[in-house]
Amino acid sequence: MNLNNLTIQQALSGFKNKDFSCVDLASNCFSKIKRHDNQINSFITLNEQNALEEAKEIDNNYQNRPLEGIPIALKDIYCTKDLKTTAASKVLTDFVPQYDATVVRKLKEAGAIIIGKTNLDAWAHGASGENSDFGPTKNPWDLSKVPGGSSSGSAAALACDMCMASGGTDTGGSIRQPASFCNLVGLKPTYGRVSRFGIIAMASSLDTVGHFTKTVWDSAKYLEATAGHDPLDGTTPEVKVPKYTDLLYKKTNIKGLKIGLPKEYFVKGLDSQVENITKTAIKKLESLGVEIVEISLPNTEYGIAVYYIIMSSEVSSNLGRYDGIRYANDRSCFSDEAKRRIMLGTYALSAGYYDAYYKKAMKVRTLLRQDFSKAFEKVDCIATPVSPTPAFELGAKQDPLQMYLADIFTAPASLAGLPGLSVPCGFTKEKLPVGLQLLGPQFREDLLFQVGHVYEQNTDWHKKRPELV
Amino acid sequence: MDKITQDQVKHIIKLANLQIPEEEIGKFQTQLSAILNYFTILEKVNTEKVEETNHVTGLSDVFNPDGNAPIQTFSQKEALKNSKHSNGKYFEVPAVISKT
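Those protein sequences? They're chains A and B, same order as listed. The first sequence begins at 1 in my numbering and counts up by one. The second sequence begins at 1001 in my numbering and counts up by one.
Bear in mind the hints are in silico, worked out from the structure with no lab data behind them. Treat the hints with care, since some could be wrong.
Computed list of lysine-lysine pairs in DSS-like fashion (alpha-carbon distance at most 30 Å, straight line) [said to hold, decoys possible]:
#1 Lys1084(B) <-> Lys339(A)
#2 Lys1010(B) <-> Lys378(A)
#3 Lys1027(B) <-> Lys397(A)
#4 Lys108(A) <-> Lys1081(B)
#5 Lys1089(B) <-> Lys81(A)
#6 Lys1081(B) <-> Lys90(A)
#7 Lys1044(B) <-> Lys378(A)
#8 Lys339(A) <-> Lys1049(B)
#9 Lys359(A) <-> Lys1003(B)
#10 Lys251(A) <-> Lys16(A)
#11 Lys81(A) <-> Lys339(A)
#12 Lys90(A) <-> Lys1014(B)
#13 Lys359(A) <-> Lys1027(B)
#14 Lys90(A) <-> Lys1027(B)
#15 Lys263(A) <-> Lys1044(B)
#16 Lys1089(B) <-> Lys359(A)
#17 Lys374(A) <-> Lys1049(B)
#18 Lys90(A) <-> Lys1084(B)
#19 Lys1027(B) <-> Lys339(A)
#20 Lys16(A) <-> Lys464(A)
#21 Lys1049(B) <-> Lys90(A)
#22 Lys359(A) <-> Lys339(A)
#23 Lys1003(B) <-> Lys339(A)
#24 Lys1010(B) <-> Lys359(A)
#25 Lys1014(B) <-> Lys339(A)
#26 Lys464(A) <-> Lys138(A)
#27 Lys1044(B) <-> Lys374(A)
#28 Lys397(A) <-> Lys1010(B)
#29 Lys1003(B) <-> Lys81(A)
#30 Lys283(A) <-> Lys429(A)
Computed from the model, here is a short list of chain B residues facing chain A with C-beta under 8 Å [to be verified]:
#31 Gln1031
#32 Ala1034
#33 Ile1071
Idealized CB from N, CA, C, for every residue including glycine.
For reference, chain B alone in the conformation it holds in the complex:
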């Protein structure tokens, strides 16, 4: 049985904002199924009283001192430099609210 269905793959594609042609979905479904199936090896491990590792540095609450934060700013021109969707002053984004 496939670990993941085509419908689930389509749902993930939507969540991840990817564009994948219809004819390739089967291929990804097969590959993802195999990988997810491999991951079930972790079901063997007893992690009942085990804490999660979020990170390995041991650091917490890392702040910059007040008034001493490193300043890194771009000019408006620099900020827009790499955009293919700009009117020279702002970034142009897809409409979030429709006009009707």
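Just chain A, same shape as in the assembly:
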């Protein structure tokens, strides 16, 4: 039996009924990895021995913790104690953290088993997986295509059922976009909902710690474990963590909910198949009782410029710590994309240019936030495409600026600190997945789960799996 094909919900139920053991489940995942990961390249480091030992201990003493026995893969940007952490960069090839990130500690306390560290665009700089110093990850739906990025390995591994859920980070779209390209549920939480302590920093005012799952219920369950105020992260407000899974069953009726469609997201440049598939999904939501309202987010066209100025400025500061003294190899080991972003950021912050670039971007950021606040006075949530195109060919985007422009639908919500959920909503003629992005006000992940769950219950997209030879 292929236990690794189960969802978290099914696995937890299976453990309870003693249908199978944690060791069985973890072993199935490792078999899948051994069979296919040489084609996909989703893992940088495996934690097999420890994982199987933990699984055995859990089988001997099952304590009914929220994620007990669930095999989870983590983006190699999460510090994991005694387990190599590289950020997919040659700068950190031998870095072994002396501590766990808060999220890692919480997942372990919930009983999850960390099976390995996944590949990514180095330092989370990218939207395809091609910027890894450990080779690109391939899209399991079509090996000639990218899985999306920067959480490329986490998406690809889960799409192949190599794990039951995977952790990622989303700063400008790095969970939502690969989720869309790989037919997964991807959550970018509200900024500050999940602690960033121990997550290798990219852009500190934008980074969020989210995850990929096969279903919306699984996503809600995972967030229950990871969310919450952390005294070690001063940007986590003391906002209570609801029992998201309970709310899913209490609020099954989405009739009367207002969903906004921003006209600036349905413009020239949007692939026609993506547009049709997204609009069909929105019609489905309408048939389920939702009221569709056309809205405007007038400053959308400035989102990329604002994002890349602010993000690269913060990156240039955060990557300053890699001086090769306390840890890491020297700075000559940075690859081109990291060098580019460090240089961009250094320039934008330097004397004579700070006002024109960084300060200006921070002001336009306020306008982008106001666009969303005004929209949320009229609607409960917002629905958009995730990416202007489906998964593209490996090597297709050689020009860095062309790659940056693909973040157009995901970056603005990041600048406003909003939560975003990408749910599977269809396939192109070439059999490539397409996701629907749902955006909500800050700390309203419950709303996104509610809409996503009802949509999922009335469609079959999320049940499809890629065929691997």
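Model the placement of chain B on the given structure of chain A, informed by the hints.
Leaving out everything else, chain B in the frame of chain A:
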């Protein structure tokens, strides 16, 4: 006209403590110029009376209560564990003050 000159690129490389071979500077100059040129789109936006957004949490003055700060310390051995420049007791850093 290039948005950024080779000399400016070299200056940034120095500020950012990067090492980039001479033959690659032209490539980065072209790419950075194109990106910086794209950023000029923001000149169209009227931000006269607009405040900057520093962060989106609304939090300020986040402190830990006296005597209750979470303690996270490493032993000396743990702290030095990942360094390639250590004498077993301290980190070795590049000299800041010359001997002469």
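Comparing the hints with the structure gives:
no.: 1; hint: Lys1084(B) <-> Lys339(A); verdict: holds (22 Å)
no.: 2; hint: Lys1010(B) <-> Lys378(A); verdict: violated (50 Å)
no.: 3; hint: Lys1027(B) <-> Lys397(A); verdict: holds (16 Å)
no.: 4; hint: Lys108(A) <-> Lys1081(B); verdict: holds (24 Å)
no.: 5; hint: Lys1089(B) <-> Lys81(A); verdict: holds (22 Å)
no.: 6; hint: Lys1081(B) <-> Lys90(A); verdict: holds (18 Å)
no.: 7; hint: Lys1044(B) <-> Lys378(A); verdict: holds (27 Å)
no.: 8; hint: Lys339(A) <-> Lys1049(B); verdict: violated (35 Å)
no.: 9; hint: Lys359(A) <-> Lys1003(B); verdict: holds (19 Å)
no.: 10; hint: Lys251(A) <-> Lys16(A); verdict: holds (26 Å)
no.: 11; hint: Lys81(A) <-> Lys339(A); verdict: holds (28 Å)
no.: 12; hint: Lys90(A) <-> Lys1014(B); verdict: holds (21 Å)
no.: 13; hint: Lys359(A) <-> Lys1027(B); verdict: holds (28 Å)
no.: 14; hint: Lys90(A) <-> Lys1027(B); verdict: holds (21 Å)
no.: 15; hint: Lys263(A) <-> Lys1044(B); verdict: holds (20 Å)
no.: 16; hint: Lys1089(B) <-> Lys359(A); verdict: violated (43 Å)
no.: 17; hint: Lys374(A) <-> Lys1049(B); verdict: holds (18 Å)
no.: 18; hint: Lys90(A) <-> Lys1084(B); verdict: holds (14 Å)
no.: 19; hint: Lys1027(B) <-> Lys339(A); verdict: holds (12 Å)
no.: 20; hint: Lys16(A) <-> Lys464(A); verdict: holds (26 Å)
no.: 21; hint: Lys1049(B) <-> Lys90(A); verdict: violated (45 Å)
no.: 22; hint: Lys359(A) <-> Lys339(A); verdict: holds (22 Å)
no.: 23; hint: Lys1003(B) <-> Lys339(A); verdict: holds (18 Å)
no.: 24; hint: Lys1010(B) <-> Lys359(A); verdict: holds (24 Å)
no.: 25; hint: Lys1014(B) <-> Lys339(A); verdict: holds (12 Å)
no.: 26; hint: Lys464(A) <-> Lys138(A); verdict: holds (18 Å)
no.: 27; hint: Lys1044(B) <-> Lys374(A); verdict: holds (22 Å)
no.: 28; hint: Lys397(A) <-> Lys1010(B); verdict: holds (27 Å)
no.: 29; hint: Lys1003(B) <-> Lys81(A); verdict: violated (45 Å)
no.: 30; hint: Lys283(A) <-> Lys429(A); verdict: holds (20 Å)
no.: 31; hint: Gln1031; verdict: holds (6 Å)
no.: 32; hint: Ala1034; verdict: holds (5 Å)
no.: 33; hint: Ile1071; verdict: violated (10 Å)
Comparing the model with each numbered hint stated earlier shows that hints 2, 8, 16, 21, 29 and 33 do not hold.
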